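Visitor: Residue numbers (the working numbering), protein chains in the order written: chain A, 1 to 286; chain B, 287 to 534.
Everything labelled a hint here was simulated from the structure, so no lab data went into it.
Here the structure is a predicted model, which means the values were calculated and not measured.
Every residue, glycine too, gets a C-beta built ideally from N, C-alpha and C.
No incorrect hints appear here.
Pulled a few chain A residues facing chain B out of the computed Cβ check, cut under 8 Å:
hint : residue
1    : Arg-78
2    : Leu-85
3    : Thr-88
4    : Gly-89
5    : Ile-90
6    : Leu-94
7    : His-102
8    : Leu-106
Anything over 10 Å on all C-beta distances counts as not near chain A; from chain B, calculated:
hint : residue
9    : Val-453
10   : Asn-456
11   : Thr-516
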Amino acid sequence: MNDELAIEVRGLRKRYGDLEAVRGLDFAVRRGEVYGLLGPNGAGKTTTVEILEGYRDRSDGDVTVLGHDPQLRARELRERVGIVLQSTGIYRHLTVREVLAHFAGLYPAPRGVEEVIELVGLGGKEDARTRTLSGGQLRRLDLALALIGDPELIFLDEPTTGFDPAARRGAWDTIRSLKALGKTVVLTTHYLDEAQALADRVAIVKDGRILVEGAPSELGAGDGATRYRVAWRNGSGLLNQRETDDPTSLLHELTSAALERGERLDSLSVTRPTLEDVYLELTADA
Amino acid sequence: MPEPRSVAALSWRQFRLERTMFWRNPSAAFFNFLLPLLFLVLLCAVLTKQSDRDVIVPGIAGMAVLATTFSALAYNVVFLREQGILKRMRGTPLPSGAYLLGIAGNAVANTAIQVVLIVVAGKVFYGIDWPQDVPELVLFVVLGVVCFASLGVALAHAIPTFEAATVYVNVIFLPVVFISIDAAHDPAFLRGIAEALPLAHLIDGLSAAMVSGEGLGDEWSALGVLVVWTVLGVALAIRGFSWEQRRG
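Okay, chain B solo, but in the shape it has when bound (with noise of 0.2 Å):
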């Protein structure tokens, strides 16, 4: 048992927070939650071949890693900085790390239980089976939510107002979906954009440790661009962060 104040104690009681919030904001729910399993469920009920269903769960994956971190992580500090709560928290005797640790571990237990999801949904209704190779499933997901949430934070930093969030999200979000869902059959210039991006690269890593079984020694090039995408996005992330609404 920790001491009550340490840390790790504070983390953990701003991430129970932010669970209780989470659940109590339908919206929210809905869009970090319910979208990508939506999606899953549309696009399997169209595409009946196995060999599309191969590629569609863990592309819907990496698409749920990618709304759980990078989306909600943008759309929540953005909001959080307009309402005034980061300059409110900053206010209080709790470490400025406790409290980010507390929220980004709300963001990645959505990201925890919607692969779950995904993998459980593949295995039970779309014909694939369980992982091939979970570690390797472990890692992908762990280096996407460090990826994709730094870069979700990084983001926020541009966004001048909650309102206009939406739009920033969703720019990058739904045409970086659409063209790394299934990057290979993409026409050879945006095939160029999708692996320039790190999305492609995590689909790539899921579906090898998913579906294929290629094991980590056939994905070093998959790792080697997200963990770039990683550290740029956590040196922005840091950068430019504010803890408070600029005026004007």
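Isolated chain A, as found in the complex (with noise of 0.2 Å):
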């Protein structure tokens, strides 16, 4: 075991009776490091983050998280883990902040409460009852709840649906807040802008398998799918576009020709292709 890992997973796979939601996966989260796992829906990601969370036992394959086998469910790790779950529901008859209070009384060094309100920004709302909460702050609680213990790994599984843009970027700056305490977070997400903001490097799962892993802002560069996209302007206006692996090649036959006609290429751009193209392009059906 690495000290530097807060997660490492090799060959996990979990069946289903007849079905093999996972087929084979291998990662590592650094610690302090913010990992993205994107993917389609069933594409097995869920299931991976309940078997590293411990709510599900693997059928192959070997686990190791902060130094535990989560399947043990040993307490000493669950008091250093937070989770945010997809959907799941509070006591409604209680208050923000005795849910909360409730939570950190189960911890062994909890955050005062009245400061976890204000890092996800409930504050005004600690005397409600949370069955008179929205949407969106039922899932501010979600994430209060989850940091309420100060743990050291956080695993959000799509943490931001049913945001308005502005509570979005919100929960975005307490997530980058968690990243500057030194905090790993395991974060699942659909919304590809949200990876891109947050993670330092991102898996996109398909079928159960990883298809790709590496820094948003990279992945693709290398091999063969990465394609940059040249536009220009041609001498009549017109907005020519073209796809190139090798964009200084074409470049230089764009220019030259261009200074050859004693012409000037208007609103020339190269673009890398974004964390979307690439997950499109891999997760596209065959």
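Hints given; two lone chains; assemble the complex.
Guide: This is the structure:
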């Protein structure tokens, strides 16, 4: 076990009867890193995360989380991990402050209730019964409950679903502040801009396998999948666009031809594929 | 004073939270709490002969045990499972045993309050003396609580959704109460069913402790049937327990 790693997964498999939801995953999450798991519905993301959280037993492979095997469900491990599940209810008849105070009592060294309320942006709602909260506010309470124990490792399963754009930015700031505190975050999301904005590294998962892994800005670079897009306006003002995996040669060709003709290439741009381009290309059904 | 995060301290903490929530939820308070008391008042208003009331009061005490444990826990576990609260609690360091003790303790607190209210009402309004044999009463209430609480949790495994819970619970609760409250006067066919089930035996034991004063020596068969159902209930409650809603 490498102390630099918060999570190490080797050859992970999970079968439900005849269905194999996870088919041999290998990945590692470094301490202090925000790691994103991306993929379409049914890709195996949630199954994988729930195995790491200790909710499910794996069928095969090795998994280490903060030095523990999560399926043994050691209390010491659960004290160091915070979890935001995809959809979970909460005690409807209690107030925000009461719920957080109750959960704080379950951990050895919790953060302050008021501090966490401010951190997730629920200030002013402390004394509201949870059943009166909006969907976005409940999601923030989920995040608050995951943070109350001051965990080292935080699992966020689609943490901003149902947020309006401003609340989403707020949640992003909270997640960035966790990273600044040295916490490790495992994030599953459908929102590619969210992964691009937050994750140090992402893995794109489909059909229970990792298709590609790397920093969002570099994903796909260097392998055959990368297509740079070069766009410019020709002499008659028409917008041209061409894709290439060798932008250097294409630019040379375009610019020297233009210089020979004594023209300018207006609006010339070269764009790297976004995470979204890579994602859509990789997860498209053949 | 136990260490603040010991299993005992955490059970107590969860118990107190469950009590707070119980009193803030009027519909739960009504069905678990007022319904058996309402039955007591109505039945004793209709049946004024002392010999009838001697049957009704321990019968309602048995019904109260069933309502506060079996029905309440079946509803509660299905609700907590469907809402995802069981799953959420499972992700915290709270030991599962402490959590379940807190929930069961909430049900048992209701049972204790109900039985005391029924005993007091029997003495004050319905011509029944204080219980003849208090240790016997406590023994039967405790055994009844464990038996019906475990059967309620076991039933929760069979209930698919919270919407369906009312049907599942009442299709058992109402007929069983009906045939068990005065099993001795049931037609032979119904008496056979009632005597195979635990409630009539609980009421039998409660009646001995509260009214007739027959000692434990006369109640071995009632105890035996209750113990058999308790063992079955505990085994089924543990075996099928699921922390989350089955999907689809």
